[in-house]
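Below are the chains, spelled out letter by letter.
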Amino acid sequence: MQKITITINNKEGLHARPASLFVNMATSFKSNITLVKNENYSKEYAGKSILSVMTMAAGAGDTLTIIADGEDEAVAIEGLKTLIETGF
Amino acid sequence: MLKGIAASSGIAICKALVINEAEVAIEKRDEVDVEQELKSFSKALENSKEEVRRLKEITLKKLGQGKAEIFEAHLMMLEDPELITGIEDKIKTEGFNAEYAVKITVDMFITIFEGMANDYMRERAADIKDIGKRLVYNLLGLKLRTLSALEENYIVVAKDLSPSETVQMDHEKVLGFATDIGGRTSHSAIMARSLDIPAVVGLGNITALVKDGDTLIIDGDIGAVYINPQSDLIAVYKKKQEMARLEKQELQALLKAETITLDGRRVELAGNIGTPDNVSGVLKNGGEGVGLFRTEFLYMDKEQMPSEEEQFQAYKRVLEEMQNKPVVIRTLDIGGDKKLPYLPIKEELNPFLGYRAIRICLKQRDIFRAQVRALLRASIYGNLKIMFPMIATLEELREAKAFVEEMKQELSLEKVAYSNDVELGIMIEIPSAAIISDVLAKEVDFFSIGTNDLIQYTVAVDRMNENVSYLYSSYNPAVLRLIKTVIDNAHKEGKWVGMCGEMAGDVKLAPVLLGFGLDEFSMSASSILKVRSVIRGIEFRRAKVIAEDVLKMGTAEEIEGYLSSI
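Which chain is which? The protein sequence lines are A and B, in order.
So the first sequence is numbered by the working numbering: it starts at 1 and just counts up by one.
So the second sequence is numbered by the working numbering: it starts at 1 and just counts up by one.
Derived by calculation from the structure, the hints in this document are not laboratory data.
Incorrect hints may have been included.
Listed below are the simulated EDC-like cross-link pairs for lysine to aspartate or glutamate, each with C-alpha atoms no more than 20 angstroms apart in a straight line [unchecked claim]:
| id | chain 1 | residue 1 | chain 2 | residue 2 |
| --- | --- | --- | --- | --- |
| 1 | B | 302 | A | 85 |
| 2 | A | 81 | B | 308 |
| 3 | A | 37 | B | 27 |
| 4 | B | 129 | B | 27 |
| 5 | A | 43 | B | 250 |
| 6 | A | 81 | B | 309 |
| 7 | B | 302 | A | 39 |
| 8 | A | 30 | B | 82 |
Between beta-carbon pairs, the in silico distance windows are [claimed, not checked]:
| id | chain 1 | residue 1 | chain 2 | residue 2 | range |
| --- | --- | --- | --- | --- | --- |
| 9 | A | 6 | B | 338 | 45 to 55 angstroms |
| 10 | A | 71 | B | 452 | 53 to 63 angstroms |
| 11 | A | 7 | B | 118 | 17 to 27 angstroms |
| 12 | B | 485 | A | 85 | 20 to 30 angstroms |
| 13 | B | 150 | A | 17 | 30 to 40 angstroms |
| 14 | B | 485 | A | 17 | 41 to 51 angstroms |
| 15 | B | 565 | A | 17 | 36 to 46 angstroms |
| 16 | A | 4 | B | 414 | 42 to 52 angstroms |
Note that this is a predicted model, so its numbers are computed, not measured.
All C-beta atoms, glycine included, are put in the ideal place defined by N, C-alpha and C.
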């Protein structure tokens, strides 16, 4: 399992189009992808679910922890991190 | 008369078909065979996905990529693991029957989305409702109501219309629709506009007031619906409808016609656009190019600067859809009355004389850099011309051109492709630029006259100021002389001149501008055919005489009167 915490700079946050881009990419990995907002580990969101990612309503300034677990976890973390950092 | 929101223009007079669908009662059943329920659910899911895929195809063909994305989103939701396992878990662990499990799970998501602060997200609740209903209907073996095969012409009256319902409507038979809820930006309203069906939405309780077979008049221009109107009102509206139809028919005949005068002078009629979605409107109205793509939309309604990639995609789409027809893209024109939330500009006493447009771009190079790079990268996908707004001096033009050159070198080093044939031009909207247009003309490929600002700056009038707005006139003789000067100066250098302000779409002024020698007229798409009809009906020789006459006149009133009389 690997994880990384990054701050969302994209002011639109993970709404709408960014959310579907994120889910599309997450789905392309074999690893299980879990998300946590603002390090509140009591509530986890499914990274491959558009509904879940959208309900998380992560906006600018929120931190996002991406947890990948599986054979391609390193690649998954790297890919999703880049996607978010480049502001989609 | 019922007053609602004018969602899609036009008039429809017809019998009503009221769609008052009773809610399907979904009950929790006691005796449940878990395996059987799981199987039914899985089958219903597959059927639903298949239906949505079909809808997506239909929409793609009828309405294009943008609208088809709605169903792409539906498909994504139907493939959502949270939704699917959520439903399956409720069947397995709680022993719910499938349709009840679907209802409970979907309702939970609807509640979450409806409670969100963001408008966009709240609207997604409608999408979740749409797929939830599709799943339940498939489970119960019910047919979703369809307006796809109607026997007669109708005006559809409904509480609301989902995107699926709007797309599937038999567009030959549905002459218009009226709904209780909805706004100008709801899915059904947007689709009505693309399909050119008159529609009024947000009427409150029209479904309760209208019975099947009642006669309705829908006036989509003002957002009114008349129920069982008197015969004289029907006659008035029939006449209106007939006039609109005749005019449209006449103009439609010019859709593919050349824009050429009786004695053979050819000009280009182009459309102004604000988003890539507007391209279809330009083409549908016979536009021969895009004369002004205001790129501000990419920057506005956003909370941060659009990336180079995002801009590239938008420019590429416009260029591709225009299929090698000329596309003039104006670089960012922000400031003045247009502000960006993420680009703070100090309060200015005179924003229209302040820090705006090219002045910002030449100073904040990072903003300009992303845009110019995106434009150059997109240039290989069509016939791109780049235009700089608010040029006041030769220095600014030189600086902007040098910057484009710099970006080209940067791209060359990165081995990124761009076209070497991109024309560079400027807006002529500041009197100083118009006055030195002879020297500017030597260093550009084209001019485009932006009349809205040119009038404002030439006459020193703020047209939003009611006390002085009478001074703002397209017939102002000083403005017309200035335009003539600009066109002459460009032609001396062998450069072409366009016009992209509201004046270009004014049918009364068309002979004058034609007579001045204007090469390209860019306007809102809906004016293109009207202007084409004027140009095809006149001789260039005659237009030149009219233009000369106008230049001798001293007042806007005299000019307007003269043009109205010919």
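Results of checking the hints against the structure:
no. : hint                                 : result
1   : 302(B) <-> 85(A)                     : holds (17 angstroms)
2   : 81(A) <-> 308(B)                     : holds (19 angstroms)
3   : 37(A) <-> 27(B)                      : violated (36 angstroms)
4   : 129(B) <-> 27(B)                     : holds (18 angstroms)
5   : 43(A) <-> 250(B)                     : violated (63 angstroms)
6   : 81(A) <-> 309(B)                     : holds (17 angstroms)
7   : 302(B) <-> 39(A)                     : violated (27 angstroms)
8   : 30(A) <-> 82(B)                      : holds (17 angstroms)
9   : 6(A) <-> 338(B): 45 to 55 angstroms  : violated (32 angstroms)
10  : 71(A) <-> 452(B): 53 to 63 angstroms : holds (60 angstroms)
11  : 7(A) <-> 118(B): 17 to 27 angstroms  : holds (20 angstroms)
12  : 485(B) <-> 85(A): 20 to 30 angstroms : violated (52 angstroms)
13  : 150(B) <-> 17(A): 30 to 40 angstroms : holds (36 angstroms)
14  : 485(B) <-> 17(A): 41 to 51 angstroms : holds (47 angstroms)
15  : 565(B) <-> 17(A): 36 to 46 angstroms : violated (54 angstroms)
16  : 4(A) <-> 414(B): 42 to 52 angstroms  : violated (29 angstroms)
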